[in-house]
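S.K.: Listed below, chain by chain, are the residues.
Number of protein chains: 2
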Amino acid sequence: MAKGFQTLPGFRDFYPDECAARNYVFEVWRKVARRYGFVEYEGPILEPTDLYRKKSGDEIVNQLFCFQDKGERDVSMRPELTPTLARMAAARQRDFKKPLRWFSIGQHFRYEKHQKGRGREFYQFNCDILGEESVFADAELAALSIDLMREMGFTAEDFKIRVSDRNAWTNFAEESGVPEDRLTAFLQIIDKMERAPEEKTNELLKEFDLDLEKVRAFIGTGADASDTLKDLIADLTSRGLADFVEVDLNIVRGLAYYTGAVFEVFDIGKGMRAVAGGGRYDQLIGLIGGVDMPACGFAMGDMVITDLIRETEAPNQLLDAAIAGAQSVDVFVVIADEERRADANKVVQDLRNAGWDVAQPLSSVKVGKQFQAAEQQGAGFAVVVGAEFPEVSLKNLADRSESKCDADELVASLSSLAPAK
Amino acid sequence: MAKGFQTLPGFRDFYPDECAARNYVFEVWRKVARRYGFVEYEGPILEPTDLYRKKSGDEIVNQLFCFQDKGERDVSMRPELTPTLARMAAARQRDFKKPLRWFSIGQHFRYEKHQKGRGREFYQFNCDILGEESVFADAELAALSIDLMREMGFTAEDFKIRVSDRNAWTNFAEESGVPEDRLTAFLQIIDKMERAPEEKTNELLKEFDLDLEKVRAFIGTGADASDTLKDLIADLTSRGLADFVEVDLNIVRGLAYYTGAVFEVFDIGKGMRAVAGGGRYDQLIGLIGGVDMPACGFAMGDMVITDLIRETEAPNQLLDAAIAGAQSVDVFVVIADEERRADANKVVQDLRNAGWDVAQPLSSVKVGKQFQAAEQQGAGFAVVVGAEFPEVSLKNLADRSESKCDADELVASLSSLAPAK
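First to last, the sequence lines map onto chains W and F.
Counting in my numbering, the first sequence runs from 20 upward without gaps.
Counting in my numbering, the second sequence runs from 20 upward without gaps.
Looking at chain W on its own, in the form it has when it is part of the complex:
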């Protein structure tokens, strides 16, 4: 019966191992964002569909989990956070001192073909600086993205931040005679160029009286292409982060709304994937929220980064350690004599009151099985409560050493053996 219930395609069950892995990524995101003075916010998972139409046009609706609610509102499960951020920041812009440094960790939904590294739901870290037009804000975000990767155990051998400038491309397009209303179409060719056959790109560029040679010559100018890039690189260099950064004008980022520096965190191993990306979008908050506010930001999803952690030795070890830590207890209280359960309960509660993570058997279980359970739960110590109570024995499960003490002295004994919590 009822065996038919399955997780919907593209959705994930997070069993304890997977939930611990997810939480580890969340905690790195949160810790590094806090280190950069960012504060956390969150918006609703359900929003009016028009909020996304306003930003991205009608085509976006094809990728949305959208429906009419019981009040006949057209609503969508959010595919991204930026429109919500724009709405929220504009609505209360007078309440906060600029610049805002805001981050968010939340779930998002896109109805698209389910494939590796892309589900119909995913978590995303969003990190934005609002109300600051200086390129130092862009540099702060790029630095933050580098420190996210370093905190996860990645090195300059594993990833690079590729930075570029939308304005430099806009200027190049203008100078090359690309009509303003065709700029987006032109940038889409550049965006796809790295993965497309040369002939195809040349064919497409011909419509703009351009060819790969001219485009590549421009890309070759690197940081000389704009003051923004020079300032951005200088800022990151002064932070000691030059090893992690390279100017790469191949990067344009597909989205139409970028207006300045753009960047990508790029896996330089065999995967060659973009792990995160973002840039400056000075017009969008005005468009959605009706309040002019310069802004820049980036996002990192949980799926590609988790794949990359799994494929990379040091980050993978950190993740495994976090998964083990999130599921282990400090102490397992063994009830060697079921008659002593009430006394064991007192011991358990005393330990928990002192802040230790503690498990115990919840029915009569053989002592051998209890020790097995202690090991399975990664307990550092076992406390055996038996007929000798109030004397209890304290076993260090790592080095197999053992001592005895009075139950009243247990918390003190344990604290002297293991780091205080």
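Warning: the hint list may mix true and false statements.
The list treats identical chains as interchangeable, and a pair is accepted whether it falls inside one copy or across any two copies.
Simulated pairs of lysine-lysine, DSS-like, Cα-Cα distance not exceeding 30 Å [unchecked claim]:
(1) Lys116 <-> Lys414
(2) Lys414 <-> Lys50
(3) Lys289 <-> Lys233
(4) Lys89 <-> Lys73
(5) Lys233 <-> Lys249
(6) Lys249 <-> Lys365
(7) Lys219 <-> Lys233
(8) Lys423 <-> Lys388
(9) Lys414 <-> Lys117
(10) Lys385 <-> Lys365
(11) Lys73 <-> Lys132
(12) Lys116 <-> Lys388
(13) Lys414 <-> Lys365
(14) Lys132 <-> Lys89
(15) Lys89 <-> Lys74
(16) Lys385 <-> Lys116
(17) Lys211 <-> Lys132
(18) Lys50 <-> Lys423
(19) Lys385 <-> Lys249
(20) Lys211 <-> Lys225
(21) Lys219 <-> Lys289
(22) Lys50 <-> Lys365
(23) Lys211 <-> Lys89
(24) Lys50 <-> Lys388
It is worth saying that the hints were derived from the structure and are not from the lab.
Quick caveat, the model's predicted, so the values are computed rather than measured.
Using the hints provided, position chain F relative to the given structure of chain W.
M.R.: The following block gives chain F in isolation, referenced to the frame of chain W:
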């Protein structure tokens, strides 16, 4: 323009203060659950609508955010977690040693009238023990719920755990001649009794050849009504938690699927609200997942508990401190001379590398304004980088003391003044 975008009714924007409050509640939930040896899991926010029909019947659909997705599946935003838990636990029951101690923190959705303490979305802490039929598992959950409240700063003056036993009611109903197929209708009268006029209850009870007097006489038997209750109280008493518990047979909990001990965390102030509740449900995993597994669990939502924290002095202070802590930085680096930005960047990065939370101005800002920003961001220290670089000054913003040191020695100086991170 575009001012029309508003949060959907019953949905919340979490600006930084509100997000910090939410995260504080999450952290207490998580910390105490870990202290009890529970591990975290999470399921999908979207599930097949039939999963909820199976558990709760067709009426539930009226309260769901349900729709057809683009693949013509009938799907719903989850109104609760238990059916997902049952599905997940049944699907991989062989992979985990029983009993499972599992908890989850996630968002849920109900399309219902929007009112105080009840939104269309809410977060819920779910905590369940699966695969253990002993009443000691029920006691473990009741104890955990008590420690959640204590961790938030509540005392025995603020709340009680009211425990009852569904089986005791089933036995009473049977002995009183209530037909088995009308048991749920009978229990619903008892469930509403505390808030209904006496005459109305008497009227309803008449259909069962019962009256308030007989029902109250049964309620008066208290813990004598069942061995389950006696064992539950004895267990909690041995943990030193007797002050927080009372047997109250008025509690039946509305849901049809409970099969043993049930309990409620009850606000004994003027609010008189149920803050959390749960009980034993030994049949449900079989019904939904096709695998027999005894189970008990409880849930606490974020909205009522946050209201209660706000109304209670000590818990409210803890919450306010957490909100301030989640938004403050350790150090604000003041750039007294914009020419020294590159040097200041190095200082900022060194501090962050050492684990400090640091902010700095992202454009040229007057020094006075920078100190204001430092205070607004709750910085404990300001480091002033100016023309004297590499000498920097270190100001303790709490006691206004000041010292000077070389930039290279700053991390060491700061670590000697403030607790290491």
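S.K.: Checking Lys385 and Lys116: alpha-carbon separation at most 30 Å within a copy, between copies, both or neither?
M.R.: For Lys385 and Lys116, the Cα distance is within 30 Å only across copies (15 Å; inside one copy 62 Å).
S.K.: Pop the pair Lys89 and Lys74 into one bin, within, between, both or neither, using alpha-carbon distances up to 30 Å.
M.R.: Close inside one copy (25 Å) and across copies (22 Å); limit 30 Å.
S.K.: Pop the pair Lys211 and Lys132 into one bin, within, between, both or neither, using alpha-carbon distances up to 30 Å.
M.R.: Answer is within; shortest intra-copy Cα gap is 20 Å, inter-copy 49 Å.
S.K.: Checking an output row: Lys89 and Lys73, CA cutoff 30 Å. Within, between, both or neither?
M.R.: both (23 Å within a copy, 21 Å between copies)
S.K.: Since the copies are identical, ignore which copy is meant and state whether Lys414 and Lys50 lie within 30 Å (CA to CA) inside a copy, between copies, both or neither.
M.R.: between (35 Å within a copy, 25 Å between copies)
S.K.: How do Lys423 and Lys388 come out at 30 Å by Cα distance, when the copy is not named: within, between, both, or neither?
M.R.: within (21 Å within a copy, 61 Å between copies)
S.K.: When Cα atoms must be at most 30 Å apart, do Lys211 and Lys225 count as within-copy, between-copy, both, or neither?
M.R.: within (16 Å within a copy, 77 Å between copies)
S.K.: At most 30 Å between CA atoms: does that hold for Lys385 and Lys365 within a copy, between copies, both, or neither?
M.R.: This pair counts as within: shortest intra-copy Cα distance 20 Å, inter-copy 60 Å.
S.K.: When Cα atoms must be at most 30 Å apart, do Lys219 and Lys233 count as within-copy, between-copy, both, or neither?
M.R.: For Lys219 and Lys233, the Cα distance is within 30 Å only inside one copy (15 Å; across copies 87 Å).
S.K.: Within, between, both or neither: how does the pair Lys73, Lys132 come out at a Cα-Cα threshold of 30 Å?
M.R.: Answer is both; intra-copy 24 Å and inter-copy 29 Å each pass.
S.K.: Please work out whether the CA atoms of Lys211 and Lys89 approach to 30 Å or closer within one copy, between two copies, in both situations, or in neither?
M.R.: Between copies, since 28 Å is at most 30 Å while 42 Å is not.
S.K.: Evaluate Lys289 and Lys233 at a C-alpha cut-off of 30 Å and name the case that applies: within, between, both or neither.
M.R.: within (29 Å within a copy, 76 Å between copies)
In this structure, every one of the numbered hints holds.
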